[in-house]
Amino acid sequence: MKESARERLIRAFAAVFDTVNLEDIPSLKAETTEPWDSLAGVMLLSVVQQEFEVEFSVEERGAMDSFEKILERVQLNEPAD
798 MKESARERLI RAFAAVFDTV NLEDIPSLKA ETTEPWDSLA GVMLLSVVQQ EFEVEFSVEE
858 RGAMDSFEKI LERVQLNEPA D
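The working numbering applies: residue 798 is where the sequence shown begins, and numbers increase by one.
These are calculated hints, taken from the structure and not from any lab test.
All clues stand as given, with none of them false.
Below are the SDA-like pairs computed for lysine to any residue, each with C-alpha atoms no more than 20 Å apart in a straight line:
| id | residue 1 | residue 2 |
| --- | --- | --- |
| 1 | 826 | 838 |
| 2 | 799 | 869 |
| 3 | 826 | 844 |
| 4 | 799 | 846 |
| 5 | 866 | 838 |
| 6 | 826 | 846 |
Since this is a predicted model, take the numbers as computed values, not measurements.
Turn these sequences into a full structure, and let the hints steer you where they fit.
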């Protein structure tokens with residue numbers, strides 16, 4: 798069975814934020830997640846871009862500050878089933 802965008806994104810977040818519980822990842826926000834500093838943000842978006850074969854514009858990078866926002870963005874590139 799094909800892995801959903803949500804599951805793939807959880808895996809990408811887990812690769813960067815390995816101290817965060819998997820069940821907490823969907824509620825992560827940069828402003829409330831201690832390990833989510835500027836370096837972690839760059840690393841996260843790099844992993845996401847690789848996993849989803851998507852490019853974020855400079856403007857988008859600044860706005861990608863929560864799991865939900867990133868999920869919404871990558872789902873725009875996902876083919877419809």
